Each structure stands twice: as C-alpha cells, then as structure tokens.
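Read off the chains here:
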Amino acid sequence: MLGADELVINMGPQHPSTHGVLRVKLKLDGERVIGSECIIGYLHRGVEKIAENRTYQQFAPYVDRMDYVAAVSSGLGYCEAVEKLLVTEAPPRARVIRTILTELQRIASHLLWLGTHALDIGALTPLFYCFREREEILKIFEKYCGARLTTHAFRIGGLQYEAYDTFEKEVERFCKDFESRIVEYETLLTQNRIWIGRTKGVGILTAADAIAFGVTGPVLRASGVKWDIRKAAPYAAYDQYKFEIPVGTTGDTYDRYLVRMEEMRQSRLICLQAIENIPTGPIMAKVGKVLKPPPGEVYHAIEAPKGEIGYYIVSDGTVMPYRVHIRPPSFINLQAFDRMVRGHLVADVVAIIGTIDIVLGEVDR
Amino acid sequence: MADEPKEPKPPQVLTGDKPASATPPVSTPPAKPADASAPAAPPKAAAPPPKPPVVLQTPLDNDLVKRFRAKFGAALLEATEDRKQSILTVDRARLGELALHLRDEEKFDMLADLTAVDWPKREKRFDVILNLYSFPKNERLRLKVHAADAEEVPSVVSVWPTANWQEREVFDMFGIIFSGHPDLKRILLPDEWQGYPLRKDYDILQQDTAWVRENLGIESGQ
Numbered sequence: 001m002l003g004a005d006e007l008v009i010n011m012g013p014q015h016p017s018t019h020g021v022l023r024v025k026l027k028l029d030g031e032r033v034i035g036s037e038c039i040i041g042y043l044h045r046g047v048e049k050i051a052e053n054r055t056y057q058q059f060a061p062y063v064d065r066m067d068y069v070a071a072v073s074s075g076l077g078y079c080e081a082v083e084k085l086l087v088t089e090a091p092p093r094a095r096v097i098r099t100i101l102t103e104l105q106r107i108a109s110h111l112l113w114l115g116t117h118a119l120d121i122g123a124l125t126p127l128f129y130c131f132r133e134r135e136e137i138l139k140i141f142e143k144y145c146g147a148r149l150t151t152h153a154f155r156i157g158g159l160q161y162e163a164y165d166t167f168e169k170e171v172e173r174f175c176k177d178f179e180s181r182i183v184e185y186e187t188l189l190t191q192n193r194i195w196i197g198r199t200k201g202v203g204i205l206t207a208a209d210a211i212a213f214g215v216t217g218p219v220l221r222a223s224g225v226k227w228d229i230r231k232a233a234p235y236a237a238y239d240q241y242k243f244e245i246p247v248g249t250t251g252d253t254y255d256r257y258l259v260r261m262e263e264m265r266q267s268r269l270i271c272l273q274a275i276e277n278i279p280t281g282p283i284m285a286k287v288g289k290v291l292k293p294p295p296g297e298v299y300h301a302i303e304a305p306k307g308e309i310g311y312y313i314v315s316d317g318t319v320m321p322y323r324v325h326i327r328p329p330s331f332i333n334l335q336a337f338d339r340m341v342r343g344h345l346v347a348d349v350v351a352i353i354g355t356i357d358i359v360l361g362e363v364d365r
Numbered sequence: 001m002a003d004e005p006k007e008p009k010p011p012q013v014l015t016g017d018k019p020a021s022a023t024p025p026v027s028t029p030p031a032k033p034a035d036a037s038a039p040a041a042p043p044k045a046a047a048p049p050p051k052p053p054v055v056l057q058t059p060l061d062n063d064l065v066k067r068f069r070a071k072f073g074a075a076l077l078e079a080t081e082d083r084k085q086s087i088l089t090v091d092r093a094r095l096g097e098l099a100l101h102l103r104d105e106e107k108f109d110m111l112a113d114l115t116a117v118d119w120p121k122r123e124k125r126f127d128v129i130l131n132l133y134s135f136p137k138n139e140r141l142r143l144k145v146h147a148a149d150a151e152e153v154p155s156v157v158s159v160w161p162t163a164n165w166q167e168r169e170v171f172d173m174f175g176i177i178f179s180g181h182p183d184l185k186r187i188l189l190p191d192e193w194q195g196y197p198l199r200k201d202y203d204i205l206q207q208d209t210a211w212v213r214e215n216l217g218i219e220s221g222q
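Residue numbers (the numbering used here), protein chains in the order written: chain E, 1 to 365; chain P, 1 to 222.
In case anyone wonders, no lab produced these hints; they're calculated from the structure.
In silico DSSO-like pairs for lysine-lysine, Cα to Cα no more than 27 Å straight-line:
no., chain 1, residue 1, chain 2, residue 2
1, E, 226, P, 137
2, P, 124, P, 71
3, E, 242, P, 137
Because the structure is a prediction, the values reported are computed rather than measured.
Start from the sequences and build out the full structure, keeping to the hints where you can.
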C-alpha cells in the first residue's frame with residue numbers, strides 16, 4: 001500500500017475550495033488520502049500584537065477582521081470580555097439587541113457556509129438561495145450600523161446606536177419569511193441522493209476525538225455532544241429564551257449539515273422571541289470614555305457560529321490591554337481535519353474542509 | 001514611518017496614578033492572592049452597578065484546591081480567584097502529571113485554550129496559561145506555570161491533543177520550548193523567521209528585515 005505509489009500533492013493556498021488561503025499537503029495513495037498537513041499563516045496580521053498597542057476601544061474593530069463573515073459574534077465576545085474585566089454589564093436593552101443581531105449573524109454565517117459548502121460539492125443552486133436571504137440580513141446590519149461585513153456593531157458597555165424605527169418589523173418579516181426558505185434549501189439537499197452520497201459517512205469525528213481536539217460549535221454537536229455555551233454559560237440575553245440544541249449521532253458531514261440547518265431554525269426562534277419584548281431603557285452602561293480596567297485577567301468565551309470564541313485579556317490597569325489572546329474556533333477545529341480526512345478520497349477533502357466551516361482570517365489572525 | 005520608534009500613545013486623560021506607557025511598567029502579575037488592597041476600588045466600573053466595591057482577586061480555597069493540595073502539596077504554588085474565575089499556579093516541572101490528573105480525576109476533559117504572557121521584568125518572564133473546561137461539571141479552570149527564558153515547559157499534547165497547534169503557536173510567538181512536543185515548529189510565521197513577535201521587547205514595527213528582503217523582494221513590509 002505504501003512505498004512507490006505514495007504521492008504528495010499540495011492543495012492551495014490558492015485552491016478555490018479552501019475558502020481563503022489554506023494550504024493542505026496531502027499524502028496520497030492513488031486517490032486515497034493517507035496523511036495530511038495543514039500549512040497556515042498566510043493571512044497572519046499579528047492581531048494580538050496590535051491589541052497591545054491600542055486602547056481597549058481602538059482594538060474593537062480589529063476583531064471584526066478575524067472572522068469576517070461573522071463579525072458581530074467576534075465583536076460581542078470581545079465587548080463582553082472587556083466588560084467582565086471592567087466588572088460591569090451592558091444594560092438589558094443593549095443585551096437583547098445584541099442577542100438579536102448575533103443570532104441574525106449566526107444565520108448569515110451558516111447561510112454562507114451552506115452555499116459555499118454545497119457549491120464545493122457540486123450543487124450550484126443553493127448558493128443563490130442562500131445569498132438571497134443573507135442579503136436581507138446584511139441589509140438589516142447596514143441599516144443598523146452602516147456596515148455589512150465588518151460591522152463593529154457593539155461598543156464596550158453596550159451599543160452606540162439605537163435600533164432604527166422599523167428594526168423589529170424588519171427582523172420579524174425576515175424571520176417569518178425565513179421559515180419557508182429553509183424548507184427550500186432542504187428540498188434541494190436533504191433527500192438529494194448525490195448530496196447524501198457525498199456527505200454521509202464522510203469525515204466522521206467521534207465525540208471522544210472531538211473533545212480531545214478541542215473542537216467546539218456545530219462540529220462538536222454533530223458528534224453527539226450536547227454542548228452550547230449559550231446554555232452552559234448564558235451571556236447576553238440567552239437565558240431568557242427557549243431554544244433547543246440540535247445534536248447529531250454519527251459525526252459525519254451529513255450530520256453537521258443537519259445540525260447547522262436546525263441551528264438556523266433555532267436562531268430564527270430566538271430572534272422572534274427577542275423582538276416580542278425588547279426592554280426599554282439606556283443602551284450604554286456608564287463606562288466612561290477612558291477605559292482603565294482594574295489589574296487582573298479574564299477569559300470569556302461565547303458561542304460564535306463556528307464554535308467557542310474565547311478572549312483571554314490581561315489588564316495592568318492602563319488604557320491598553322497588557323495582553324489579548326484570542327481562541328479562534330476555526331483554528332482549533334481545523335486541527336481535527338487530519339483525523340477526519342484520513343482514508344477518504346481526494347474529492348472528499350473538499351467536502352471536509354467545507355464542513356468544518358473555517359475562515360482563514362480567523363485561523364491566521 | 002518605518003523608523004518611527006513607538007506607536008504614538010493614545011490621548012491620555014489620566015487620573016494621575018500611573019502613567020500609561022506603550023510597554024506597561026508592571027512587572028508582577030496582577031493576580032496576586034492576598035493583594036486585596038490594590039484593585040478594591042475599580043475606577044470607573046463600579047459606577048453603574050449598585051453593588052459594594054468588589055474585591056477582584058481573592059485566595060481560592062474550594063474543594064478542588066483542597067483535594068489538589070492534599071495530593072500534590074508543594075506543586076500547587078498558588079490558588080487564586082480573579083473575577084470569579086479560578087486560577088491555579090503550579091510547578092512547571094510537574095505540569096504533565098498534574099494535567100493528567102486534572103483530565104482523568106477532576107474531569108477537565110477539554111483544553112479550551114493554551115497561551116502565554118510575557119512579563120520581561122520578572123525573574124521568570126513567561127506565564128504559560130491553560131484554560132481548561134470540564135463538560136461533566138460545566139466548570140472552567142485556569143492553570144498557570146512560570147518559565148524563565150530558555151526554560152522548557154512540559155508539553156501537554158499527550159494529555160490533550162488540541163495542545164499541538166496551540167503550543168506551536170506559543171513557540172512561534174514567544175519562543176517557549178515545549179519538551180515532548182511531537183513536532184515543535186513555527187505555525188503562523190515562516191519557518192525561517194527570526195525573533196518572537198509577542199515578546200514585549202519585540203517592537204510593533206519590528207520585522208525580520210532580512211527575510212522580507214529575501215523572500216518578498218521589498219525593502220520593508222511597513
């Protein structure tokens with residue numbers, strides 16, 4: 001099996017299915033993958049070094065540039081981490097609006113994942129459907145804060161902008177429409193024999209392996225571990241809403257697909273519950289213009305669309321953080337790639353990269 | 001721009017207790033156990049919540065710490081709580097054994113995050129930090145070891161495989177060697193890069209000029 005037939009090929013960093021600049025060195029025996037190595041860092045910008053040379057507020061927009069398809073979630077994690085460091089909390093109204101925007105972002109991120117993942121595997125149509133709905137969400141973001149991708153939607157201590165007049169109405173309209181839209185995607189894929197053939201049994205990750213590799217988010221849940229930080233350690237306003245954590249059974253690519261589809265449904269339900277009753281009141285806590293958190297350190301993690309995004313921040317009492325470390329879900333989840341890809345065919349590599357749902361901006365920081 | 005020595009400092013409206021410089025002057029870690037006096041009155045944060053001023057760092061003495069102390073004694077150097085998060089500072093040499101114990105006996109089955117902090121003025125300049133999570137207990141725990149420059153830290157890859165890339169990243173950024181790591185090499189920076197960017201003595205505008213010139217064909221990346 002080994003020996004003369006063994007072939008090493010490079011996939012990426014410019015391969016279209018690697019979702020950025022990921023380079024994978026594949027060791028092949030014929031069409032079968034017998035080993036792999038991910039080579040990353042092409043997008044490294046030294047975000048953590050930048051953080052040490054900016055004030056707490058100045059650094060906030062930088063976190064949007066990590067997972068640029070789910071900037072709202074990264075921003076929420078950072079703002080809440082600094083708030084924890086300051087021993088303060090955002091007011092209830094701000095927290096509910098944050099929750100709505102973050103859940104919309106989760107849907108948008110999952111839609112982008114679904115569209116591109118299906119495209120990689122060869123189903124062209126879902127991409128157009130997904131982008132249609134994603135556009136609606138980005139329009140809401142744009143109306144709210146003026147930006148579509150790198151939104152910088154939140155501020156440390158709350159929000160800068162009030163929700164615009166028709167905010168609730170538009171979110172509600174989107175959520176109402178979205179129910180039937182998910183059905184449309186499912187019609188295209190769930191029972192599709194090619195889709196099933198390309199995803200079922202591909203890239204299986206057992207629960208034990210997932211935990212050992214520190215994998216979080218939908219990938220972990222698809223392996224059967226019912227764990228979501230929104231439930232385990234509720235932040236923002238998640239403790240007020242009812243929602244389910246979908247889990248898979250086998251931990252293959254098809255399960256991960258089902259889990260993310262169900263997560264979009266749950267996010268939609270959270271948004272609908274949240275707009276029912278947005279508390280009135282201030283949107284900003286009194287944190288002052290110059291933030292000097294008392295010396296100490298904090299680790300705060302939230303459930304981003306791709307998994308646990310954690311911020312470890314050390315303060316020395318000055319206006320700039322002494323150290324900011326970001327635990328990016330994509331980076332950690334990508335480590336399990338080698339385990340998932342071994343024994344599969346070259347064509348499955350594309351499916352497995354897609355199913356982990358990585359963003360290279362976040363992997364490399 | 002390329003020769004600018006430091007980032008311009010942000011406008012400061014300080015209350016006058018401590019000047020904020022680009023290289024923070026604090027040389028001791030903030031998480032000292034009994035040092036309750038220093039952070040007792042958070043300057044701004046205490047304003048909105050109608051709570052009494054909170055003591056942020058307190059010594060920790062829960063059941064876990066008691067069990068830990070009974071079993072390992074002197075290997076536990078310090079147990080503190082900072083903003084309600086548990087931190088155990090342990091003996092560097094025994095990290096591997098302690099990690100195994102925490103995973104198997106205390107059920108901290110996931111290593112959420114592994115990183116380091118540089119305190120150049122301290123005798124042992126590096127803190128290596130492990131953020132653990134326990135699924136059965138839904139609890140987080142932070143493990144900390146001190147290491148001087150060129151002192152090796154035992155790798156925990158055999159305990160939590162996820163440490164593989166994270167230790168490589170710490171090696172890449174700080175130059176901390178993890179003994180027993182299966183494949184310790186740079187991960188985000190190019191293999192031939194000189195210097196460790198997240199050390200405090202590595203200036204923000206600094207770069208490996210020779211590498212940039214040779215590989216990118218430009219004078220400077222700035």
